[in-house]
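Trainee: Spelled out from the first residue to the last, the chains are:
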Amino acid sequence: MDLPDPVALAIPAFILLMVAEVLWIRFGGRGEYEWRDTATSLVMGFGSTIAGLITGGAVIAAAYWLHQFAIVDLGWHWWVFALCILADDLAYYVFHRSAHRVRWFWAAHVIHHSSQHYNLSTALRQTWTGFIALAFIFRMPLFLVFDPAMVLFASAINLVYQFWIHTEVVGRMPRWFEAVMNTPSHHRVHHATNPRYLDKNYAGMFIIWDRMFGTFEPERDDEPCRYGIVKNLGSFNVLWTAFHEWIGIAKDVWHAPTWAARWNYMVKPPGWSHDGSRDTSETIKARWAERQARLVAEPAE
Amino acid sequence: MLGQTLISIGGIALVVLLARWLGAQRPAAGLDAKAAADLAEFTLAGFVSEDVAVGADGGALVSGQGGRFALIKPHGSHWAVRGLAAPVRVTVESADLIVESGDPMFGAVRLRIGAEAVETLAARLRAQAG
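Residue numbers (our numbering), protein chains in the order written: chain A, 1 to 301; chain R, 1 to 130.
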């Protein structure tokens with residue numbers, strides 16, 4: 001079946017929606033644009049599409065090679081499409097959770113989180129090194145069930161869906177929608193560095209996976225999101241944005257005292273260090289919890 | 001393919017120019033001592049602020065318990081923070097204290113805090129470094 005490319009079709013809409021968001025914010029709407037941040041995000045997005053063109057052929061070839069060992073032939077029915085979109089979204093959840101918990105995957109994904117702003121341009125701040133990080137392996141099992149063209153179409157739908165949730169302009173959607181779908185509110189939490197919000201809401205299209213697997217955290221009105229990464233770059237340099245974590249891994253592996261430490265610098269969660277001198281999301285959350293407990297206890301003393 | 005590329009490049013230029021024209025250029029509010037201390041404590045896990053030196057042209061150095069420091073610089077319309085551990089490399093230039101972050105891409109931060117305050121803070125930093 002000949003399917004359209006949803007991403008290519010969506011590009012004009014992406015541009016128009018960003019223009020609308022800038023204007024909306026300028027005339028009093030919630031949110032913020034900073035042109036250097038926006039430029040970095042959009043150049044990263046453009047570079048990401050070029051990287052995709054270079055490496056996409058290998059992924060598609062692997063998909064079709066794997067599909068010859070498919071365990072079922074579900075054909076091309078509407079319900080197969082629906083099932084494929086759901087399965088693809090679950091694969092995305094697993095990928096995304098891994099991308100935050102394994103430094104090798106994080107090195108590619110951190111780019112998307114490296115903006116201290118949260119607007120539609122942030123959605124397009126995409127990695128150039130997803131192929132090196134092996135991000136494609138998470139979708140590989142789908143090719144044993146669904147036609148590769150269908151999976152790639154579902155993946156593109158997922159990517160396009162996630163564009164609109166990168167905004168502060170939209171507050172909260174109706175309750176039923178917030179219950180099932182990933183929304184701007186849920187995804188703001190995901191991009192926040194507040195300890196309470198760290199490593200939460202990994203969903204792509206459907207928030208149900210976070211609710212099922214215990215990683216859901218609702219946005220609180222009394223705790224505004226502070227966006228970015230734990231150690232913000234402090235630079236708009238595109239090359240540094242693209243490769244800083246890979247350089248960090250290389251330095252750590254080079255200086256690691258043992259082979260076990262070398263391995264762990266690649267596969268342990270971001271912030272892990274052999275001497276415990278750095279902060280992981282767990283240590284950040286633990287210190288925050290201690291501080292909260294102290295603040296609660298102090299007035300009583 | 002060429003059409004898509006041209007649309008993308010044109011779109012990037014349009015949105016960036018619009019953001020430059022209509023968007024924020026500098027932090028909306030200046031950084032006072034309390035805001036600097038709060039930012040340091042938010043950004044650096046377990047950081048407890050003790051003393052703050054705020055520069056007149058943006059940026060701050062927050063001293064914390066245990067010889068920790070938080071170096072804050074304006075970054076676009078936001079702030080960026082680096083945690084530093086003693087010894088901290090500093091240079092004095094008349095009324096300016098230049099603090100090295102140790103991160104080449106973050107750079108050094110020049111704090112215009114007045115000649116008297118510079119000497120006091122530099123002496124403290126050097127004393128701790130020693």
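Treat the hints with care, as some may be off.
A short list of chain A residues far from chain R (calculated; beta carbon distances all over 10 Å) [stated by the list, open to error]: (1) PRO6; (2) GLY56; (3) ALA61; (4) HIS117; (5) ALA149; (6) ARG287.
Below, simulated EDC-like cross-link-like pairs (lysine to aspartate or glutamate); rule was C-alpha separation at most 16 Å, straight line [what the hints assert, rightly or not]: (7) LYS251/A with GLU41/R; (8) LYS285/A with GLU217/A; (9) LYS268/A with GLU217/A; (10) LYS34/R with GLU50/R; (11) LYS285/A with GLU41/R; (12) LYS34/R with ASP51/R.
Here are some, though not all, of the chain A residues that point toward chain R, as calculated from beta-carbon distances under 7 Å [as the list claims (entries may be wrong)]: (13) ASP5; (14) ALA8; (15) ILE11; (16) ILE15; (17) MET18; (18) GLU34; (19) TRP35; (20) ARG36; (21) THR38; (22) LEU42; (23) GLN116.
For the record, the hints were derived by calculation from the structure and aren't laboratory data. A virtual CB, placed ideally from N, CA and C, is assigned to each residue, including glycine.
Trainee: Checking each numbered hint in turn, tell me which of them this model violates, lowest number first.
Mentor: 4, 6, 7, 9, 13
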